[in-house]
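Peer 1: Chain by chain, the residues:
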Amino acid sequence: MSTKTLAGTPVDVNDEGFFEKPEQWTEEMATEMAEEEGIDDLTPQHWQVIHFMRKEYDEKGTGPTVRVLGKSSGVSVKELYQLFPKGPAKVAARIAGIPKPRGCV
Amino acid sequence: MTHRIVILGAGTGGTIMANRLRKTYAESEASITVVDRDDRHIYQPGLLFVPFGLTHPEDIVRPRKRQIHKGIDYHQSEIDRVDVEADRVHLTDGTTLDYDVLIVASGTDLLPQETEGLTGPGWMEKVFTFYTLEGAAALEAALTRFDGGRIVVNFIDLPIKCPIAPLEFVFMTDWYFHERGIRDRVDITYVTPLDGAFTKPIAAQSLGDLMAEKHIELVTEFNTGEVDGEGGRLVSYDEREVPFDLAVIVPLHGGASFVERSPALGDDLGFVPTDPHTLQSTVKPNIFAIGDATNIPTSKAGSVTHFEAEILQDNVRRFLAGEPLEGEYDGHANCFIETGFKKALLIDFNYDTEPLEGHFPAQVGMPLLKESRLNHLGKLMFQWFYWHSLLPGRDIPGIRPDMTMAGKHRPGE
Ligand SMILES: Cc1cc2nc3c(=O)[nH]c(=O)nc-3n(C[C@H](O)[C@H](O)[C@H](O)COP(=O)(O)OP(=O)(O)OC[C@H]3O[C@@H](n4cnc5c(N)ncnc54)[C@H](O)[C@@H]3O)c2cc1C
Numbered sequence: 000m001s002t003k004t005l006a007g008t009p010v011d012v013n014d015e016g017f018f019e020k021p022e023q024w025t026e027e028m029a030t031e032m033a034e035e036e037g038i039d040d041l042t043p044q045h046w047q048v049i050h051f052m053r054k055e056y057d058e059k060g061t062g063p064t065v066r067v068l069g070k071s072s073g074v075s076v077k078e079l080y081q082l083f084p085k086g087p088a089k090v091a092a093r094i095a096g097i098p099k100p101r102g103c104v
Numbered sequence: 000m001t002h003r004i005v006i007l008g009a010g011t012g013g014t015i016m017a018n019r020l021r022k023t024y025a026e027s028e029a030s031i032t033v034v035d036r037d038d039r040h041i042y043q044p045g046l047l048f049v050p051f052g053l054t055h056p057e058d059i060v061r062p063r064k065r066q067i068h069k070g071i072d073y074h075q076s077e078i079d080r081v082d083v084e085a086d087r088v089h090l091t092d093g094t095t096l097d098y099d100v101l102i103v104a105s106g107t108d109l110l111p112q113e114t115e116g117l118t119g120p121g122w123m124e125k126v127f128t129f130y131t132l133e134g135a136a137a138l139e140a141a142l143t144r145f146d147g148g149r150i151v152v153n154f155i156d157l158p159i160k161c162p163i164a165p166l167e168f169v170f171m172t173d174w175y176f177h178e179r180g181i182r183d184r185v186d187i188t189y190v191t192p193l194d195g196a197f198t199k200p201i202a203a204q205s206l207g208d209l210m211a212e213k214h215i216e217l218v219t220e221f222n223t224g225e226v227d228g229e230g231g232r233l234v235s236y237d238e239r240e241v242p243f244d245l246a247v248i249v250p251l252h253g254g255a256s257f258v259e260r261s262p263a264l265g266d267d268l269g270f271v272p273t274d275p276h277t278l279q280s281t282v283k284p285n286i287f288a289i290g291d292a293t294n295i296p297t298s299k300a301g302s303v304t305h306f307e308a309e310i311l312q313d314n315v316r317r318f319l320a321g322e323p324l325e326g327e328y329d330g331h332a333n334c335f336i337e338t339g340f341k342k343a344l345l346i347d348f349n350y351d352t353e354p355l356e357g358h359f360p361a362q363v364g365m366p367l368l369k370e371s372r373l374n375h376l377g378k379l380m381f382q383w384f385y386w387h388s389l390l391p392g393r394d395i396p397g398i399r400p401d402m403t404m405a406g407k408h409r410p411g412e
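Here the protein sequences line up with chains A and B, keeping their order.
Quick note: the first sequence, position 79, residue 78 per numbering that gives the first Met the number 0, numbers continuous.
Quick note: the second sequence, position 160, residue 159 per numbering that gives the first Met the number 0, numbers continuous.
Warning: the hint list may mix true and false statements.
As the list claims (entries may be wrong) - In silico lysine-lysine, DSSO-like type, Cα no more than 30 Å apart, as pairs: (1) B:Lys125 x A:Lys70; (2) B:Lys22 x B:Lys69; (3) A:Lys59 x B:Lys199; (4) A:Lys70 x B:Lys199; (5) B:Lys342 x B:Lys369; (6) A:Lys59 x A:Lys85; (7) A:Lys99 x B:Lys160; (8) B:Lys283 x A:Lys54; (9) A:Lys77 x B:Lys160; (10) A:Lys70 x A:Lys20; (11) B:Lys283 x A:Lys70; (12) A:Lys54 x B:Lys160; (13) B:Lys160 x A:Lys70; (14) A:Lys59 x B:Lys160; (15) A:Lys85 x A:Lys3; (16) B:Lys199 x A:Lys77; (17) B:Lys199 x A:Lys3; (18) A:Lys54 x B:Lys199; (19) A:Lys85 x B:Lys160; (20) B:Lys283 x A:Lys59; (21) A:Lys99 x B:Lys199; (22) B:Lys125 x A:Lys77; (23) A:Lys85 x B:Lys199.
As the list claims (entries may be wrong) - Which bits of chain A does chain B cover? Going by a derived footprint, with three or more residues having C-beta under 8 Å, they are: (24) 53-67; (25) 70-77.
To be verified - Residues from chain B that keep clear of chain A, each with C-beta distances beyond 12 Å, as calculated: (26) Arg3; (27) His68; (28) Gly70; (29) Asp72; (30) Gly121; (31) Leu142; (32) Thr143; (33) Gly180; (34) Gly207; (35) Pro242; (36) Arg316; (37) Lys341; (38) Ile395; (39) Pro400.
Bear in mind the hints are in silico, worked out from the structure with no lab data behind them.
Just so it is clear, CB atoms sit at the ideal spot from N, CA and C, and this is done for glycine as well.
Assemble the whole structure, with the sequences as input and the hints as a guide.
Peer 2: Encoded structure:
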């Protein structure tokens, strides 16, 4: 675990840059992290995905996989890859300030 | 009062639970009804061997009814839906079944239609799956005809049943073309959405090394968006391509489709939200789930189903007696990984402990994460155990449902 400063506030992140404490997250931090990921402009569709991720995390304790995002976030898998080209589940989880999605075994 | 227990699905989990609960309760104490759509129980691990001519479809199928003990009511029909509020199951033949306890053991449905192009031109000609009996049989014919070119093996995304089966398939393919003396004319590529050969790091390393030794190419983090059978290529969502002459695909999996038709019973993918330790659903206290039908974070495997059954048998009894449940299941899974040339690897793990090296079940035993003949024999023997020990609900001597650290060691220890 390490500390990172986002939007002027220190937050706890793991080695891969995922938030350890989702409650430390703010929307300004999302904008800043998106830039680090090469996404200069968060569109309303990006926000739709980010808010969906946080809601899923609150309800289920883990972030959704790409497949669940495609089924339930209102944004198709194809569009998700256009929005987050480096991999929707991971990148959107990072920007949304939730821990790395657990996935399956 | 006679308890009414209804079990949906007479595959691995449904059959074990029916037979086990019949031992818990006399017929006067509980009625047990099991529902499935047909009378063909497939030994699914055998599907891996069909394409290579090592077993045949008729050798791995038995009547469902004959695996189910006396005093259990077997009802053959398609399940339409569950009315969670009313504690009632509707079957498509018009029957309704009321229950005090429902056990969902309906496994997974394969969803090839959810991947663009997968069931389009080329499906069952140069694009196959071995996850169905028909697919495995058709693939045998295709492999027999194959005399050189690119074979690609890919699972679209997790969860899938037996997540190591596609890897076993590539190892077997390597062996198969060696045997035919044309291995040098065949390129074998394993394409995975994961960032390595397996989900967990230590096993991913061992399996990755084994693939390199066997000259199998590994393509990682590939999320298949389209299977173009005609053009012979897999296309990922981020627009990478892998060409093939023959593709072996494990389609997306979801829960049984009736789960999605039953309000509140399933999650987004049709799996039943289930407590990972007690196996009680979080949907309603009188609904339990076992095997592939649950959403719990362990492998979808027969061994998992078998270990769960022992805990579930006890928890159903506790629930009906009004006692608190025991949260005992630890995610234990135990899988043989066939690697060809009459050898296999063994992995043993649970929610907290990834597959490690060592021996199973204790210091003296089968080697873990290492190729051996003994493991191969274990894998073959498993079929006998399946029909004669697992399904009848017997415990296998010396093998406990919870994972043990005896015989295991972490790297560097
Ligand atoms: C290729 C392959 C290789 C495998 N290898 C291994 C291995 O080596 N080791 C291992 O441990 N596991 C292995 N498995 C996994 C193992 O077979 C499954 O995990 C196990 O069978 C799960 O049992 P289950 O009871 O949950 O589901 P199933 O045994 O699949 O049973 C579900 C049942 O529900 C019925 N059903 C579903 N919907 C309906 C409906 N609407 N109406 C009526 N009936 C319905 C189905 O007909 C089916 O009989 C393998 C699987 C495959 C496909």
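Peer 1: I'd like to know which numbered hints this structure contradicts. Please list them from smallest to largest.
Peer 2: The structure conflicts with no hint, since it agrees with every one listed earlier.
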